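Q: The chain contents come next:
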Amino acid sequence: MNALDKIHDIVNSPHQFAQDWKLKTGGKVIGILCSNLPEELIYAAGILPVRLLGANEPENITRSYIFQSGFCSFARDCFAQALQGRYKYIDGIIFSQCCPHAREVFLDWKRHVPVNYSYEITGPMSLQNTYAKGYLVRELEEFQKSLEKWLGTQIDKKAIDKAIDIHNTNRRLMAQIYGTLKAENSSLSEVDLAEIALAGMLIDRSEHNLLLEEILKQISKSTGSARTGPRLMLLGSVNNNMELIRFIDSLGGRVVVDDYCTGYRYYQTEVVPEENRLAAIAGRLINKPPCPLHDLPERRRVSYYAKLVEECKVAGVIYTMQRQCDAHGLDYPAVETFFKTKGIPILKLELDYTVPVGQFRTRIEAFLEMLTAT
Amino acid sequence: MTTKGDFETRSFSNEVWSRMKELRRERYKLSFEAQTKGGLCVTGFAWGYLPLLAGFGNFGNPSPGTDFTRIAREGAGSEGLVKFVNLAESRGLYPVCGAIAAHLGQVFAGTSFGGSTGNKIMPDFVFQPQGCHAQYKGGQICADLLGLPLLVIEAPFKNTANSRSYLYSQLAEAIEWIEKHTRHKFNDELFIEATRHDIHSRVMWAKICELMKAIPAPMSYRQAMSLRLPLVAYAYSKGTAEYMEMLYHEMQERVKNQISGAPFEKKRLAHEGLHPLYRPDLLRWPEEYGAAFNQGEFMMAFGSFRYTSDGHRIPGQTLEERGIELKSREDALKALVEQRYPLEEENTDYDSPEWRTLHFLRMVEDWHIDGVMVHLARRCAALCLGILTRIQDIRQAGIPVATYEASEGDPKEWNESRVREDFDRFFDSLGLKKIASLDGGDSGADE
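Here the protein sequences come in this chain order: R and X. For what it's worth, this note's numbering labels the leading residue of the first sequence as 1, then goes sequentially. For what it's worth, this note's numbering labels the leading residue of the second sequence as 1001, then goes sequentially.
Take the hints with a grain of salt, since some may be wrong.
Derived PhoX-like pairs (lysine-lysine); straight-line CA-CA distance at most 25 Å [unchecked claim]:
id	chain 1	residue 1	chain 2	residue 2
1	X	1021	X	1180
2	X	1158	R	149
3	X	1334	R	348
4	R	133	X	1021
5	X	1158	R	145
6	R	110	X	1158
7	R	149	R	24
I should point out that these hints are in silico values taken from the structure, not numbers from a laboratory. Computed from a predicted structure; not experimentally measured.
The task is simple: from the sequences and hints, build the whole structure.
A: Put into structure tokens, the structure is as follows:
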């Protein structure tokens, strides 16, 4: 089985690796609800962090727990997995300050699907704040103490350094992988890329590195095939819906980059070494491209998008938003204005548990036709 | 209402009502005049740490829009909230909570800082302290639209030394930021005075809320929403501090003489969540059934409280009661930080469901509440965080609880017959019968 097949299996059976890993190593698995947290520290503790996700299936099991008209479909889908017992294997959950929708999942999980360990990192929202890093470092110190108390062991600098190295390597490899999407000839499709990115959040990062190296070796031997179609950027709310990406691909859209927290943004920015390891990790969290909620007071996301547009020669943008996602809803007008001033058309789609194929087909086809015509 | 009540009701004095209205007018006038008279003008959505701004002298604060209250009353009318919510949605702001959409719609319409006087003002910057995620981002959108700098101050949920230090540093830096961006000079004496008044006003409101434990309660929830108005955005003024003392003394008299805020208290009820701003009359619906809303988290929201070790809420202490004298900028900054994070409550997570449920149950116990009506605000994740679990806990504690769905700021989410049915069913479950009609009117004034 080649590396891409393994990636495909991981994504299609998102719980399998963690369960097998637990049996094999006897280690602990922690579910995480946001990409903006100190994974290196968790990894250094010998824990496997896995991103908690929805299954993109309709559900009605959360209605006693989550106010349906107040919280996004992803949050409800995610918690539904917990209620259905699909995350029985996790030993704990960690939440890092982001949106209240994810926080609702964390709070309900703690209360109704009890785990051995839970922790909320009350990180800064306004990452540009002068004092945000110092505040975050002290929060991470408390978090480290909490982990050590739970595990009954110390997390030493050597372990943190090793974790940082593995994660930085992973980011470099992913940057190379993502780079292939920009090329005129590409051996990987966006569906492949999306699955590769998602797989990294579900398995041991060092094993992900091995798979990435294998994929890069395979790519280097291939000339790839010319990909046609308007060059698209995908961005918006958390989105692990492969069907949507496959769908866009099938209609002739050529995705060259994304800004999903379950995609490209997750792998952005390396940890820059510092004597204080927690400060180094905090530095990365402060400096990486932010999600809308952390992009305060200045809008730095748009300058990041400007860079991506230029690097990837983006011709059109598809903005996908989870139903009830007010974080991305509040940012949309500014993002739309930015792309329009660049002369780049943008299409907004509202996601739910499943992809409304008929509606999306019409809109995406029309959008692609418009892009092709111009 | 002409049915004879169980309790004597009496209007609050003319002194109290007049003074409240004077303070309201004073603050409203400041929104327009402060800048033309050389003062600051700021906008934003949330009213925290205003003493800091008062350190720059008189300032205008048209937040969230000079005519928001009037527009809220219009509700679904042609110049009401729905017009502005629709405008915000048409500009791509969806889904967004009703209140933020209504505010931003006014900014889009260019009516946010002019109002009915016809004057036009342009704030110096957007001040967005301590609020929910939608308020932070809403502040950013406002800053974008108006081309203004944005000052964000965040206060984390947990009461820790780290949070205190973070908030202190931000507040100290904010002074320099404002000086740099506006060229106004900060005056420590004005800041110290404003901080003193702010703390005093909030402590007095907490003491007023404590008097609501009396049976009958000397003030209804609806009356409180009007009478506490100066506290919301003007707590830092000497006038408000003195007004709160006046109101407190009058409340004490009312308790002594058994004067009630509502004619009946067959059931004492709490309203949980922010009520629909365009339908304040809802807060008087229980009176049609011989009951009254006496309490709720939002009633106490602007007060300064402390918590006992077993979760009871008690009024905070004034600086005088704590034996603290503010002598410097640093003292005043520390006082503001400690108002937010009392030292004796170290390690409290003010947003945790456990904390919120415990204090809610204590409130029910201490204020002798017989039932709770919860507003499930659509599109408001912040207000509805953990709410269904909290409702379950309240129910399990044996407290009758019911819900209704609407939006605090978007009248399109209001369905009168459905909400009425929810209320009627609740009252029925409490054994109440309709005894009167409010004749469709609402007034924060006494009838």
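Q: Hint by hint, note whether the structure agrees.
A: Okay, the hints, checked on the actual structure:
1. With a C-alpha separation of about 35 Å, the suggested pairing of residue 1021 of chain X with residue 1180 of chain X is violated against the 25 Å cut-off.
2. For the hint linking residue 1158 of chain X to residue 149 of chain R, the alpha-carbon distance of about 20 Å falls within 25 Å, and the restraint holds.
3. Taken as a hint, the residue 1334 of chain X and residue 348 of chain R pair is broken in the structure, with Cα atoms around 46 Å apart against an allowance of 25 Å.
4. A hinted pair counts as satisfied when its Cα atoms are at most 25 Å apart, and residue 133 of chain R with residue 1021 of chain X does not qualify at roughly 45 Å.
5. At most 25 Å may separate the alpha-carbon atoms for a hinted pair to count; residue 1158 of chain X and residue 145 of chain R meet this at roughly 17 Å.
6. Distance hint between residue 110 of chain R and residue 1158 of chain X is fulfilled; the C-alpha atoms sit about 18 Å from each other, no more than 25 Å.
7. At most 25 Å may separate the alpha-carbon atoms for a hinted pair to count; residue 149 of chain R and residue 24 of chain R meet this at roughly 24 Å.
The earlier numbered hints that this structure contradicts are 1, 3 and 4.
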